[in-house]
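> Please model the entire structure based on the sequences and the hints provided.
Chains as they are written, first to last, in this note's numbering: chain F, 594 to 927; chain C, 54 to 377.
Treat the hints with care, since some could be wrong.
To give an idea of the interface, some chain C residues facing chain F are shown, with a C-beta separation under 7 Å as derived from the structure [stated by the list, open to error]:
id, residue
1, Val65
2, Thr147
3, Cys150
4, Cys160
5, Gly163
6, Ala214
Rough simulated footprint, nothing fancy, chain C against chain F, three-plus residues with beta-carbon under 8 Å [what the hints assert, rightly or not]:
id, segment
7, 670 to 676
8, 865 to 875
Calculated directly from the structure, the hints in this document are not laboratory data.
We put the CB at the ideal spot given by N, CA and C, even for glycine.
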Amino acid sequence: MTPSANGAVHGHGGGLTFRASLTEAMDGLLRGDPRVLILGEDVLDPYGGAFKVTRGLSDRYPGRVLATPVSEAAIIGTATGLAIGGLRPIAEVMFGDFLLLAADELINHAAKFRAMYHEQVTVPLVVRAPAGGGRAYGPTHSQSLEKHFLGVPGLKVVAPTHLHDPGALLRAAVADPDPVLFVEHKLLYPLELRPSEQRGTPYPTATVRAGDGDPGVIIFAYGGGVRWCLPAMSRLAEAGVSSTLCLPSRIDRFEPWTWWDLAGRPPAAVLVEEGTAGHGWTAEVAAQLAEAGDAPSIRRVTGADDIIPAAGHLEDAMLPSAEAVVAAALALVR
Amino acid sequence: MQLVQSDEGLTVELYTQMATIRRVEETLQALFRQGRMRGTTHVSIGQEACAAGVVGALDRQRDFVFSTHRCHGHFLAWGGEPRALFAELFGRETGICGGLGGSQHLCWSGFFSNGIQAGMAPVAVGMALSRKAAGEGIGAAFLGDGTFGEGTLYESMNLAALWGAPLLFVVEDNGYAQSTPRRVQHAGRLSARPAAFGIETVVQDARDPVALRRLAEALILAVRSDCRPRCLYLHTYRLAAHSRSEDYRDPEEVQARRQRDPLPALRRRLPEDQADAIDREIARRVAEAVAAAESDPPAQPRGVPLPAATLPLAPLLPTGGERA
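As C-alpha cells, this is what we get:
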C-alpha cells in the first residue's frame, strides 16, 4: 500500500482505515482473480478516484482499472454487460447522488436480468458509491439516496461501517452472483477500523453494547449513521441508560425484530437514518417491528425533509446528530 | 456457418426465415384479438428482412444479439423456436423465460432483449468487451430510430468506439417512434450521428434481404477482424401498428408501403411451387407450435413469499347471522 496525505492507510492510532480496507480488498481481488476489473470516473493514478479509494491500483494493474467518461448510465450498463459476460466488474460512481443517472441500468437491467430471464444469467456486479453529507458539498453532492434503491427486487444494498470489515464486505459483494449497490459514507473513509461483534454471513450485522444493567434502548442505524450513535451511547451510559447499537451491513433485507430479541427486548428503539425524513429505511424498520408484535416504543432520528444546504452550519442543523439520538432515547425511557 | 452460399440457397433460407417471422407474428396478432393472450406485443411485420438479413450473418456458437421491444423476428432469426415464443406469450412454463419475460424480455442462448429504449446499448458494449477479453465472439445490438432520443445511446457509442468493443449497432429506422414521426422528434440526420464517435456507418435500404445479408457479412467480418464497432443503418417500414393500439399513420402511406413489402418481392424470386411448399410447411409448423404451447402447463411463480401483511386476514367484522 502507498500511504498518502488524503488516503492514509493507517489512522492516527496506527490501525487500518475504512478507506484502506477497501483499497486493500480491491488490490487483493485484482491480484487473485483475473476476472476482476474496476471502472469509473477519475479512478486512474495518480488521482485515484475522487475519494482516493482506487489510489495505487491502476499503476499496479494496468489495463484493469479503467477511467471512464462522465457517463454513469454507460458505466453501470457496460459493467452489467461485462458481468453477464463472465467478468467481475467493480464500478465506482463518484458521488452517490449520480446514481440517479444510472438508475435505469440498475433497476431495469442489472437487477431484473436474473429473475426476468428465468435464472439463465447472473449479474455479479458491484457498484460502489460514496454517499452522504457532512462535508458541506451542498444539495447534489451530499445526499443519502439509497432509500430509493431499497425494495428493488434483485438488487442488494450493502452499507459498511468501520465497525464491520469493509474489505471483507466488498469481497463478499464481488463474490455475490447478484448486483450489489455498495454505499460508502464519505465521512467513514479516514476512520480506523474498530471491529465489533458481528453475526451473519456473508453480510454480517455488527452490534455494540454500552452501559450496565438491563438493556434500556436499542439503536438501529447503518452506514454513516454510526458516527452519531457511538457518542450518543456513551452519553446515554453516563445518564444510566444502557444501549445496544445494531448495524446491519445489508440494509435492503434486515429483520430488526430478531436483533431486538437478541438484545434482550429493550423497551425502546431509536431508528437512525441520515436520509430525508419519511418513506425510508427507518420507516421499514419501524413497520417490521410493529408488525412482529411485542414491539418496543419507537422514535426515528432522520435528516430533515429538505434539501441539504451548502452552508456547513445549516447542513449540520438539518442532519441527525448525537444529541438528537440521545434526546430520542431519553424521551422513550423516561 | 457457410462461408459462401449461392444466391439461390440464400434466397430460400431468407424467405423461409422471413415468412416464418411473418406467420408467427400474424398468428400472435390473431391470438391477441381472440383474447387467448394477455398483455402487449410489438410485431415487426414489414421489417423481417432486417432480422433475417443481419442475424443470420452472425455465428450462433460464439456471437450474441441484443434486441429491443420489437424482438420476435430477431429471436426467430437467431434460431429460437416458435413454440417457446408462443409459450412465453401464453404464460407457460415452457416459455423462453418461463413466462416471466413475455413479448419483449427474452433471453436464450446468447440472445437478450429488453423493453427500455437504449438501456441495452451499454450492456451490449460490456458483453462485447467481455467477448473481446475472452478472445472470440462479437455481437449485434439492434436499435430503432426512436432510440436516438436516449442519451444512453451516445454514452454507449462513445465507449464502444473508445474501448474498441466488437459490436455492430444495427438501426432499424422505420420512420416512427410509436406514433410520432421521426421528423417531429429528431434534428439533423440520425445516420450521421455514429460517425461523430468515429463509428463507420453504412446506410442501406432493407428491402432486399439478400443484398443485406452480404453487406452484414462484410461488416461483421470487419468488426471481427479489428474489434472496432460499426453501424449498419437500415431504412425499413413497419406495416402493422406499433403495438396493440390503433395505427394512426396515414392509411395511404401505409398502403403505398404495403405495395413495397419485401416479403412478397422475395417470394417472387422463388419458383411458385417451391414458395407454396415453404409456406405450407411454415403454416403447419406454426399451427403445431401454437397448439403445443397453448396446452403446455402454466408458468410457475418464482417462489418469493408474499409479505405477511398481504396474507389473508381474519374478517374484521363478525360474519353470518350475528350482524343486524
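> Any hints this thing doesn't respect? Which numbers, in order?
Hints 1, 2, 5, 6, 8 contradicted; others consistent.
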